[in-house]
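2 protein chains.
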Amino acid sequence: MAERGVSCSADQIVITTGAQQGLDILARALLEPGGGVLMEEVSYTGAAQAIAAHRPRVWSVPTCARAGIDIDAVEVLLEGGVRPAFLYTVPDFHNPTGSCLTEASRRRLADLAGRFELPLIEDDPYSALRFDGEALPAVRAFDDRWVIYVGSFSKIVAPALRVGWIVVPQGLREAVSIVKEASDLETSALTQRVLERFLSSNALEPHLERLRHSYRERRDAMLDALERHFPSCTRWNRPLGGLFVWVELPPSIRADRLLAEAVDEEGVAFIPGSAFATTRDAGASAMRLSFATCEPAEIDEAVRRLARVLKGRLRDE
Amino acid sequence: MAERGVSCSADQIVITTGAQQGLDILARALLEPGGGVLMEEVSYTGAAQAIAAHRPRVWSVPTCARAGIDIDAVEVLLEGGVRPAFLYTVPDFHNPTGSCLTEASRRRLADLAGRFELPLIEDDPYSALRFDGEALPAVRAFDDRWVIYVGSFSKIVAPALRVGWIVVPQGLREAVSIVKEASDLETSALTQRVLERFLSSNALEPHLERLRHSYRERRDAMLDALERHFPSCTRWNRPLGGLFVWVELPPSIRADRLLAEAVDEEGVAFIPGSAFATTRDAGASAMRLSFATCEPAEIDEAVRRLARVLKGRLRDE
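Chains as they are written, first to last, in the numbering used here: chain A, 1 to 317; chain B, 318 to 634.
It should be emphasised that the hints constitute simulated quantities derived from the structure, not laboratory data. Glycine is no exception: its CB is placed at the ideal position from the N, C-alpha and C atoms. Treat each hint with caution, since some may be false.
Some, not all, of what chain B presents toward chain A, calculated at C-beta under 10 Å [unchecked claim]:
1. 363
2. 369
3. 384
4. 387
5. 479
Here chain A is said to cover these stretches of chain B; the calculated rule only asks that three of the stretch's residues, wherever they fall, bring their Cβ under 8 Å from a Cβ of chain A [to be verified]:
6. 337-343
7. 429-438
8. 506-519
Partner residues aside, some chain B positions facing chain A, computed with beta carbon under 10 Å [unchecked claim]:
9. 334
10. 368
11. 480
12. 548
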């Protein structure tokens, strides 16, 4: 974390049973009855689940598969007097869009958090999976009073360990500890020891090298396949890391209906953008394609089949 | 579980990250804002923590270190129109009192749950640690629609695994699954596999035999030591299993003040009954003594020192 500007004292780190528990704890510590949250129009479903239990008002701002969260929209809302309990975002290789905030955007977001005393949850499962360019500082690097950093070993070591962590501003430590203890007393000492052994053996860096190599190859295979097979009326981004490509279809195509056909006719699945919607109709004509688990040749074949279904639909219109 | 009358289909079992998560999930699934819970005047602190976040009204009923929860008091409240979101109790070797409900009491409690459609959380971390007599049926054996059974491997295999389970009535399955997923997605597959290997090797039963043998010896050492060293104005129960003896002191003695002296003067600690109070002044003159982690000789010495502090206090009065 240090290389990305996340410095803190040991007592600011709360080990969680996976990052999902981190999000759940933060929602419980920050959200009062009647409160609201600020999220992107498409956002990580696990965060939405953690938040949903509190039935909050959701202020939804646009997001873009290239530039990420629309910071102008955030500023307009805050200047207009909106006071959410927190803002939630994934600055590095966003789920579902794959976007990555520029350094200037990170700084600006942190400044807004400080200026409006807005807790900002920076969810970061993917930043170590960067394929192109240099690592950027975390949003947390620009503000340590309002930015709450959520880390995870799930995407870089193993999800089955269920170990993540939160870097908590001093003022939130007690509230977070109380909720953590009520949630499950403590995170398994066994899985923490397994992880400690792995990390102290210096196995992480070579492991990350292998992951980045393999995922980069798969991302490239997916981008090549999209270029080769997908019709020109579709658009997608080139993620600099992470696991996802976000494909935008013509507005006449509903991705959830396309999914049903793709599964039935071609045995290929994806997550329709609507699954990530925090506001009506967001992502309705978009698909999240994951390149994480398939070999390049399979990716090419899957994208070819998806394109076939899509072209069929476009012809029928 | 089957031998204690807890029968259910596989889809009624929800694996949890320790029983604490089970309690937390149930509080979240059952407690609406403004709701209340029915608990004993002294009750397990982890349950109180899980519940506290919801700031419920707490209806507190008497409990006794011999007979357990005062079922007459429960009935009076329910007949009086009180409608808690649930009743929480530990029927076998109660924490903190060590009490164990009779079979007739279990049946009566289950009948009340059914008659008043009252969800009853039966928290059972200790029943396998029985030293005397035959295992009694779980409360769940007498009602499978309103009794929710919470199990744990923490006291019989290892707390560091963080694996427990809930047996959920059919009508609660979906609500519980939603909260579980929002809490931490799933319980570590690694710790579940470790446990599966242990259980399928038939190592549990001999392990339990060793635990029971060792804890029985320690309980006996503690009861002998109390008999030998404690003044006649004190009372305690003879727990049939579990980890705790509940010692009642003269009402003039506040156990929390005694604790401070015991630690300072004699290097001995216990949990004062007030730490478990769900209503003002409950347990103020009682101590929970745990015989779990000390050898018999240490237990004798510790009780001797505690008695010395106590006798000093009684002389000063």
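Taking a Cβ-to-Cβ distance below 8 Å as contact, does the stretch 506-519 of chain B have at least three residues touching chain A? Coverage by chain A holds for the stretch 506-519 of chain B (4 residues, Cβ < 8 Å).
Taking 8 Å as the Cβ threshold, is the statement that the stretch 429-438 of chain B is covered by chain A upheld or broken by the three-residue rule? Since 0 is below three, the answer is violated.
With chain A as the partner, please determine if residue 480 of chain B meets the hint condition of a C-beta pair closer than 10 Å. holds, 8 Å
Let's test the interface hint: is any C-beta of chain A closer than 10 Å to that of residue 368 of chain B? holds, 9 Å
Counting residues of the stretch 337-343 of chain B whose CB is closer than 8 Å to a CB in chain A, do you get three or more? holds (count 3)
Closer than 10 Å between Cβ atoms is the bar; does residue 334 of chain B clear it against chain A? Give me holds or violated. Given a least distance of 5 Å, the restraint on residue 334 of chain B holds.
When the least beta-carbon distance from residue 387 of chain B to chain A is tested against 10 Å, hint result: This hint is violated: residue 387 of chain B lies away from chain A, its Cβ roughly 27 Å from the closest one there, beyond 10 Å.
Measuring from the C-beta of residue 363 of chain B to each C-beta in chain A, is the shortest one below 10 Å? holds, 7 Å
Does the closest beta carbon of chain A sit nearer than 10 Å to the beta carbon of residue 479 of chain B? This interface hint holds because 4 Å falls under the 10 Å limit.
Using 10 Å as the Cβ threshold, decide whether residue 548 of chain B counts as touching chain A. violated, 36 Å
Have a go at the residue 384 of chain B hint: is there a Cβ in chain A nearer than 10 Å to its own Cβ? violated, 29 Å
Satisfaction of the residue 369 of chain B interface hint, Cβ to chain A closer than 10 Å: holds, 7 Å
Of the numbered hints stated above, those contradicted by the structure are hints 3, 4, 7 and 12, listed in ascending order.
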